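Trainee: Listed below, chain by chain, are the residues.
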Amino acid sequence: MMDSMSALTLVLHLFVPHHTNNHRPKVLHIDALIVYVLLFGLLRIGTGALHARMPDILGYATDIYVDKLLAATNAKRQASGLAPLALDGQLSAAAVRKAADMLGNNYWSHTSPKGATPWQFITESGYTYTVAGENLAKNFSDSQGVVEAWMASATHRENILKSSYRDVGFAVVNGILNGEETTLVVQMFGSRTKPVSLAPQLPPVVTQVSAQTEARPAAVASAYSGVTIRPKVDITKLNHTVVTTFIGFLLVVLALDAWLVARRRIMRSSGHNIAHIAFFIAVLVIIGTVQRGSLL
Amino acid sequence: MKMQLVHFITLFLILGFGIATFFYARGNATAQFATGVVTAVAYVCWGLLHHAAKKDLHANVVVEYVLIAAISIIVLFIVIRS
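Those protein sequence lines, which keep their order, are chains A and B. If you're matching positions, the first sequence starts at 157 in this note's numbering and goes up one per residue. If you're matching positions, the second sequence starts at 549 in this note's numbering and goes up one per residue.
Be aware that one or more of the hints could be misleading.
As the list claims (entries may be wrong) - Here are the simulated lysine-lysine pairs, DSBU-like style, with alpha carbons at most 30 Å apart: (1) A/182 <-> B/603; (2) A/224 <-> A/318; (3) A/393 <-> A/232; (4) A/182 <-> B/602.
Unchecked claim - Simulated coverage check for chain B against chain A, where a stretch passes if three residues somewhere in it have a Cβ under 8 Å from a Cβ of chain A: (5) 551-563; (6) 568-574; (7) 581-591; (8) 597-610; (9) 615-624.
Rather than coming from a laboratory, the hints here were simulated on the basis of the structure. These numbers come from a predicted model, not from an experiment. Just so you know, even glycine gets a beta-carbon here, dropped at the ideal spot from N, CA and C.
Chain A with its partners taken away, still in its complex shape (with noise of 0.2 Å):
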C-alpha cells in the first residue's frame, strides 16, 4: 500500500502540477530541461561514435542506383511529354571522374578549389556537347528521394526536364566527404554535336566538374553504379523515433499542465504553455519535413 502510494506520488510529481513540485511538473522545471539538452548532446556524441566504430551496427541505410536514377529521371521527363534521356558513358566516365575529385579534394560545389568546371570533366571524358548541364546530390538514403529532391528544386528541375538534352551520366560513390562519411551522386547531362555540323560550342546551363587522370570510361563508371549500405540500427530512423517521441512526450505534458493549473486557477512564475505547445508542434513539423540528403 505504502509502494503504490509512493509510486503514485512519483507519477503526480514528475507529471503533474502538485505541491511537492511546486506547482509544475517536475519533467517541465529547469533542471530537467537541462538534463534533456545534456541527454541529446550524449546521443548525438553517442551515435557518431558508435558509427564510427561499428558501422555494420550503426550506420546511415543508403540504396542508390543508376538504373533507379535513370528509371526516375525518364518517368519525370516522360511525364512531362519529353523523350527519355539514353545513359551514356563518356557522361557516365565524367560524372565519376568529377565525384572522385570532389572527395580527393574534399569539396561539395560545382567548380573545384582548383578552378575545375562541370564542362571540363565532361570534355575531357571525350563527350563532344553543344549543352551540358549537372546535378549532384549526397546523402540521399534512396534513388527516387534524390530525383524527388532535385525535382522539389527549380534548377534542378529545370536540367532534368530540359528538353535539348538528349543524354545522361551518373556516379554514385561513398566516401569521406568534410571527415563524414558521404553518399555522392553526380548527374550529368549533355546532347552531342553532330559530327559534320559548325556550330559552336554553348556554355553549359549549370556547370561543374573537374577531371584529373586518364581513365576507361566504361570500367570506371561501372566501378561507381551504386551504393547500398544496410546497417542493422539505421541512425536517420534511430534519431527521429527518438526525437519525436520525446517532444510528443513534452506536448503531452505540457497540455495536462496547461490543463490542470488553467482548471486549478493556479497562480505561478513560469513560460507560458501555450506557446510552448505552439512552438514544439512547429518543431514536429519541421523535423516531419526533414529530408536526409542535400543538393547542389
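Position chain B relative to chain A; hints supplied.
Mentor: Quick look at chain B alone, frame taken from chain A:
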C-alpha cells in the same frame, strides 16, 4: 485580452514564417538549420517581450525560454545531420 491576442498572432506568424522558410530551403541542410536557429531565437525574443508586457518576466522564465529553444536547436541539429 486584446494584447494577448496580438501577441499570439505575432507568435503564430513567427512560427508560420519559420516553417515556410524551412520548407523553402529543403535540399540545403545548412540553410534549414540556420532557419531553425533563427526561429528559435525569435521565439525566445517573443517570450521575453510577452512576459515583459505582462510584467511577469523573471529570471526563471528567461532561462525556461532559452532552454526550450536550446532543446529545439539540438533536436533539429540531430535530425538534420543524421
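Trainee: Which hints, by number, does the structure contradict?
Mentor: none
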